[in-house]
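*Asks:* Below, each chain spelled out in residue letters.
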Amino acid sequence: MSLFLRLLFRNRLAAFGAVVLAIIVVLALITPLLPLHPPNVTNTANRFLRPLSEGHLLGTDHLGRDLLSRLLHGTRLSLAVGFAAALIAAVIGATIGIVAGYAGGRTDNVTMRGVDMLMAFPYILLALAIVAALGPGLMNALIAVAVVNIPFFARNIRGVTVSIAHKEFVDAARLSGLGHGRIILTEVLPNVVPVIVIAMSTTVGWMILETAGLSFLGLGSQPPQADLGSMLGEARGALITAPHTSIVPGVMILLIVMSINLLGDGVRDALDPRLRSGALARPMAATLVDRKAPPPDKGGEGLLRIDDLRTDFRLGRRTARAVGGVTLSIRPGECLGLIGESGSGKSVTALSVMGLVASPPGVITGGAVRLDGEDLVGAPYRRLRALRGNRVAYIFQDPLSTLHPLYRIGDQLAEAIRVHHPVSRAEAWARAEKLLADVQIPNPKGRIGSYPHELSGGMRQRVGIAMALANDPDVLIADEPTTALDVTVQAQILKLLDDLRRDRGLAILFITHDFGVVAQLCDRVAVMYAGRIVEEGPTQAVLDAPAHPYTARLIACVPELGTGRRRLEAIPGLPPAVDDLPPGCAFAPRCAKAQANCRQGEIPLAGGARRVRCLYPEVTLEAAQ
Amino acid sequence: MGGYILKRLLSAIPVLFGITVIVFLIMALIPGDPATAILGSYATPENVERLNRHLGLDRPLWQQYFVWIGNLLQGDFGRSFALNRPVLDEILDRFGATLILAGTAFLLCALLGIVAGTVSAARQYGLADKAITAAVILGISVPSFFLGMMMILLFAVKLRWLPVSGMYSMFGGGDLPDLIRHLTMPAIALSIVATGVVARLSRAAMLEVLRQDFIRTARAKGVHERRVIWSHALRAAMVSILPVLGLQAGFVLSGAVYIEIVFQWPGIGRMLVDAILRRDILLVQGGVVFVAACYVGFNIVVDVLQAWLDPRIKT
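If you read the sequences in order, they're chains E and V. Using our numbering, the first residue of the first sequence is number 241, and each one after it goes up by one. Using our numbering, the first residue of the second sequence is number 474, and each one after it goes up by one.
A few of these clues could be false.
[Unchecked claim] Facing chain V, a subset of chain E residues (Cβ under 10 Å, in silico):
| # | residue |
| --- | --- |
| 1 | 620 |
| 2 | 673 |
| 3 | 695 |
| 4 | 696 |
| 5 | 698 |
| 6 | 699 |
| 7 | 734 |
| 8 | 736 |
[As the list claims (entries may be wrong)] Pulled from the structure, derived: some chain E residues nowhere near chain V, Cβ distances all over 10 Å:
| # | residue |
| --- | --- |
| 9 | 342 |
| 10 | 452 |
| 11 | 628 |
| 12 | 629 |
| 13 | 659 |
[Stated by the list, open to error] Stretch-level coverage of chain E by chain V, calculated; a stretch enters the list once three of its residues show a Cβ under 8 Å from a Cβ in chain V:
| # | stretch |
| --- | --- |
| 14 | 310-320 |
| 15 | 324-336 |
| 16 | 455-468 |
| 17 | 494-508 |
| 18 | 662-671 |
Don't read these hints as lab results, they were simulated from the structure. Note that the coordinates shown come from a computational prediction; the quantities given were computed from them, not determined experimentally. Glycine residues also receive a C-beta, built at the ideal position from the N, C-alpha and C atoms.
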């Protein structure tokens, strides 16, 4: 409870709403004790006195009645009616919802059909019909407003009840011989209460508005009794000559409903964080860059050179070092494998190249990414956009979620072409068809008009590859493109990528957690652990004689066909959290050979073509080469 | 698609049937005797009894229902005793005005709401987002009738930009520009709350979609950010915005009651309130059934649009 209140009041808007509402409620409660004029005593000599008149703070209405007094009494009435309606709707709606959800079967079916019928009405219309039948009057307006809101409660609460009714603790209660009534009261109800509270806090404002509306139409409270709505309705006749008589009750309704809405939003956010409006941050068009200066260009023959790249995730007060100084380089026609466990920073490294790391929370804090010598970190959005998909293209992991679900694949391919080339739609479609044929999709003419969900996983990934190839890129970044596919399809995709690389001279950065895949495709491999490269070298050399203990353990995880003599070993322990890295070697806590000096100071990535970041490597690099 | 439309149309039949049952039952709750209401309290018992027999009110409830629905199906909504003319004629005369008002308000709320919500999401936590969020909170909290009255004060009385009320000018006018001048204020007043609701939901839906993987794919392709937001993301967000638009159509259609009163708009809402105050039951019954049926019809359109928008829905 105290946590709930703390969460609620951290939200400044909700706190503001709570304070305003509290003031209004307190005023309404003590109204009879205040030294006010009686609300219904007319004095036609004092008609339409302006606000701040002698003895009448807010002036008087068309019958000379004191507006302040009528306002407070009207507020009392409106609040009472609104809350009563909300309570009635909540109690009846929750009862219907719980019974239907708990009973299930035919009871549920019939009840919910009835509720759906009621929801087929626009609800103000239904309220009008009910008042028409019962006759005008505040009590009848209250009933009408309560009734039209019952379906909303019934439906929401039924949904929650259904999900609870089959949980283990309810089954346990049933097995222990408790009656249905007891189970509903002791097991189901406590779990449903937060939903009822949320539903009430978001609807009570509406109910006050609706009752005010019915009164405004003359169908609610009848004279001389007046709630805020009927005050407004009566004042309408004098709108032009004495606008204050309209403004006073109108502003009060606005204040009440607004404070309730603000508070209701706060209550919902505090009780159910998943529903928080706007708690989800949307990623920006390009990753934020917060870098002092680019590191000096050391040159080199690589087409794509990543130099001491650092990417952080800023999560509130914590900063996670997802990429902590990665240096890599790829030549044209070369395939570099980047391997590591989940969370090692390999995907973030790849996405940083074109500023595609979700930001917030991602920020590139240092290093450079050079394509043909041009630094892309901190390049203007216009420049990045011109290169994305044009010279550097991506293939992502899960082709179902990475293709747009509502566009035909032909449109998605054509768009990729037309973003960078001014060709007609027909021309782009023709090229798209050719691309589909290039990635060996059978019957491209028939498939080009399909939606992604109509294709198999392997086909979808071929579409993803075709899209990446649309503009004949120089660099292809493949982020676990085969992880979501089964083994035979995986082999086909790898073969396809290998052929494309040989035919087109593509430079490929291939990200994976699977040494088997690396062995098939990559010329060189870099092993990543906790945001840093721990070993790098020609694939065969690393596979034959891993130098870093982590690489050795990682290779030992790959089962080999036919040999069967080696024990398959998992690496004990878990990778460290990147917001709390230990000093020295990040792998030390899991390493069998770790010494005291492994845990202090920076350990350099040493060597030439083969490099390793370890004080006690498994093999000496000279021996390995 | 044709099959899907047919299926949706057929599924509306039980809903319409249910609506007539509910309306009929609500009206059957009415205390006292409709014949007395029509003839006034000085009527002789014989006259009351004769009128009851004439109206079929002496029969059991279920028979009355089937007589009423049978007539309804033949386009006979009965006769309004207060206006002394067929209910359907009165409804059809008035419905055009409501349709113009509610239709304009609906277009406004859909257009402004979606644009505001999208801008708000694209500029999350920016100045535009904060301004829109504040406006939305204000918008969903203001009673439309109060807003209408304030607009009259400001734009009609003080600034004299727009006419105070009515649908056409009393003398002259009657053409489209005249209608637009009269329509501006009521349509805006009616759309404000719905606009707030749509904007709020659009913002949430867009924020959800912008985190999806296919948005990153679009960016990786080099698609311009403007197109990423307004085409890729909005199209996907529309899948969750559309159902809410359906709900808002009902809100705008029935909320027109208040606005028609405030602006003296000759629509069906004002007719209903007058009929309720005069206890003109058949007119209320007919009006409610008619508007509810329109709403059901509109929701079919929404469902069909949804199926067209999202090919994953089985049609």
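*Asks:* Next step is simple, just say for each hint if it's right about the structure.
*Replies:* Status of each hint after checking the structure:
At a threshold of 10 Å, the smallest CB-CB gap from residue 620 of chain E to chain V is about 13 Å, leaving the interface hint violated. Because the smallest distance between the Cβ of residue 673 of chain E and any Cβ of chain V comes to about 18 Å, over 10 Å, the interface hint for this residue is violated. Evaluation of the residue 695 of chain E hint against chain V yields a violated restraint, the C-beta minimum of about 12 Å exceeding 10 Å. With a least beta-carbon distance of about 16 Å to chain V, the hint placing residue 696 of chain E at the interface is violated under the 10 Å criterion.
Interface hint status for residue 698 of chain E: violated, as the beta-carbon distance to the closest one in chain V is roughly 18 Å, over 10 Å. Taking 10 Å as the C-beta cut-off, the interface hint given for residue 699 of chain E is violated, the closest approach to chain V being about 16 Å. Here the hint on residue 734 of chain E is broken, as its CB sits about 21 Å from the closest CB of chain V, past 10 Å. Residue-level restraint check for residue 736 of chain E is violated (minimum Cβ-Cβ distance to chain V is 19 Å; threshold 10 Å).
With a cut of 10 Å on Cβ distances, residue 342 of chain E stays outside the contact zone with chain V, its closest approach being about 24 Å. Not every C-beta of chain V lies more than 10 Å from that of residue 452 of chain E, the closest at about 6 Å, which undercuts listing it as non-interface. For residue 628 of chain E, the non-interface assignment is contradicted: its Cβ lies about 4 Å from the closest Cβ of chain V, within the 10 Å cut-off. With a least CB separation of 4 Å from chain V, residue 629 of chain E falls inside the 10 Å interface cut-off, contrary to its annotation.
A beta-carbon of chain V is positioned within 10 Å of the beta-carbon of residue 659 of chain E; the least distance is around 5 Å. Check on the stretch 310-320 of chain E: 0 of its residues sit with their Cβ under 8 Å from a Cβ of chain V, so the three-residue criterion for coverage is violated. With 0 residues carrying a beta carbon less than 8 Å from a beta carbon of chain V, the stretch 324-336 of chain E misses the three-residue requirement, and the given coverage is violated. By the rule of at least three residues with a Cβ nearer than 8 Å to a Cβ of chain V, the coverage given for the stretch 455-468 of chain E holds, with 4 such residues.
For the stretch 494-508 of chain E, the stated coverage by chain V is satisfied: 5 residues place a CB nearer than 8 Å to a CB of that chain, which reaches the threshold of 3. Beta-carbon proximity to chain V at under 8 Å applies to 0 residues in the stretch 662-671 of chain E; the threshold of 3 is not reached and the given coverage is violated.
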